[in-house]
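K.L.:
In the order they appear, the protein sequences are chains E and W.
According to this note's numbering, the first sequence is numbered sequentially starting from 51.
According to this note's numbering, the second sequence is numbered sequentially starting from 283.
By construction, these hints were calculated from the structure, which means they are not laboratory data.
Below, computed lysine-lysine pairings styled on BS3-like, alpha-carbon distance capped at 27 Å:
{"#": "1", "chain 1": "W", "residue 1": "K323", "chain 2": "E", "residue 2": "K196"}
{"#": "2", "chain 1": "W", "residue 1": "K472", "chain 2": "E", "residue 2": "K385"}
{"#": "3", "chain 1": "E", "residue 1": "K120", "chain 2": "E", "residue 2": "K169"}
{"#": "4", "chain 1": "E", "residue 1": "K196", "chain 2": "E", "residue 2": "K169"}
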Amino acid sequence: MVHTVLNHGAAGEVSLFRDVYVEAYRWMLLARFLDEKFASLYRMGKIHGGVFLGRGQEALSVALGLALRKGDIFAPLIRDAAGRLAFGESLSDSVRTYLGSALGPMKGRDGSVHRGRPKDGLLPMISHLGAMISVVNGALMARRLKGISGMVGAASVGDGATSTGSFHEGLNQAAVERLPLVVVVANNHYAYSTPNERQFACASLVDKAAGYGIHGEELDATDLAGCLPALANAVERARSGSGPQLVIARLLRLCGHGEHDDASYIDPALKASPVGRDCLLVAEEYLRESGWADPVMLEAWREEARQKVETAVAKVQREPGPDPYTEDWCALASKHLAEGGV
Amino acid sequence: MSITYLDAIREAQARALAEDPRVFIYGQDIGAFGGAFKATKGLAQRFPGRVLDSPISEDAMIGMAVGASVEGMRPIIEMQFADFSTAGFNQIVNQAATLHWRTNVPCPMIVRLPCGGTSGSGPFHSQSLETIYAHYPGLVVLTPATVEDAYSMLLGAVALDDPVIFCEHKYLYYHLKAEQLPTEATPIGKARIARPGRDMTVVAYSAMLHEALAVAQELAAEGTEIEVVDLRSVKPLDTDTVMASVARTGRLLCVGEAWPWGGVTAEVVARVASEGFGLLDAPPRRLNAKDTPVPYHPNLWAAHRPTARSIAAAARDLLGL
Ligand SMILES: Cc1ncc(C[n+]2csc(CCOP(=O)(O)OP(=O)(O)O)c2C)c(N)n1
Ligand SMILES: [Mg+2]
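Hey, can you work out the whole structure from these sequences and the hints?
P.N.:
Here is the structure:
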């Protein structure tokens, strides 16, 4: 797939690129419907805690998810519904975690975007920004110590997270060990309400790559056709031994920080600029223009995505929540060392 | 042959590396150099590729251990000094300590903290931080006080499926010697009676154990028998052994080198007061360091933390002597 994506201009491989593009688009669609469903459940008061959406960031996210493969490590962030699905997270894992089903991977002990299956390479984010990078490094180090090669670890972060000490330590550590790490920075120009100007003072975040002695790239992440080869390329470089890769993606979050936030602080000029384009609409247009999908197909795909989400939510809504009486209330794996409560 | 507390820690790591391919050690200056205290001396040469120098990145060092642990390894992280673990605090308490609870995937790893004061080390190379780690659910916090325990508890920690904060006392590194290493593992989470006695109980751990034992010796000459309990593990805390001792003696003094607000001594006193009030013949007492940063100058340092002298005074007071 990677080869295909990289050479999508070459004659004879266009149809393969089309297949990847269509797959990516359909994951984006599913992620968008899923996000919208969560937003509507939130407004109905049916979700405990916050809801954090990836609207406008699906193209980047899905491109990363598709560039990775089984056996790789992925530490997604709050706006990665599309990438998670493409990487292999089930729809029910996300719905169950958001709705607090006892059958979900976190069993109601954690919720919303804080979910994962570490044994499947999907690391569950903690809230503390930047903290997942070194954890991905550790997973990659373990593979190296076990003599396993050929896999990649990826961590998603936002522009705000680049200011943390963890981001710096994580990238430097990966660089020193020359780990096959890909760090994807979704620069959506705001960290909650804080604009880039108050976050960093370098001309571009990609300038940081040189400081770590690693490869860095920048791209327009509103365009799926650009994201797919760029991410596939970065992952492939890491996989083939070129060391850590820093990808800086320009885009805009087309929603609030969370659903509680009206995002009134976002500069209207940015919204109106090319960076404010909705990647899903851009991709749709691309599909139509290249003749890869007609309005009937697009509508059928939409309907299918909508149905999948509705079915998953309807099923999970009937599932039990966690039971405080059967909960063992022990944070340790070594149950015999439990302190209990006083 | 005589083996120091530091030798025991090095030998336990050597044995863990030799017997368990999942073990590796990661820390600052620990490779060819052998570590700031030489706790890994010779290990990088004996176990190539498994004793790795890290950058000065405490946060990323712990993150690295968590990721490796998820992948089935058993990392040992050496903090150069316990004091610097606060730069990796977030990863310890929020990443390592929560992983199993959140995902059901265990997070076995050890963070070795060279802790405690030595004169001249000052505010940033002397801290005892067992309290802050014990406060967080999901961590096991061990405080070995003897050469034997340093060895067997470290091996026990390697076998455990949880993140362990291993507090090794810098003063004990060179001052404590044993003739041989134990062959049996110390059960994690069990306190021990370090010296039996019937008149009062002194609960101590880490270097304070030896101050308490000196006091017991001193008062024995005057006809008072102090029972000394060595906690060994501050989390879990072996309340049963403490309570049984207080049931025998009716008096409790708890001694710690850490700061006075909250903490291990407060926890012991709170448990005994709330669960064993009827066992007490006198109000339970505790003795800690003073509530200031650890001072640099030996005159101040010696007065900052509990010593055999101040413990003896508190003990006499409690006994009405
Ligand atoms: C260490 C830390 N400090 C503060 C927060 C609170 N917080 C959560 S998201 C966020 C903004 C993140 O911005 P960015 O990294 O740009 O990601 P985005 O939300 O834009 O995707 C903040 C400040 C946090 N989660 N972690
Ligand atoms: Mg941002």
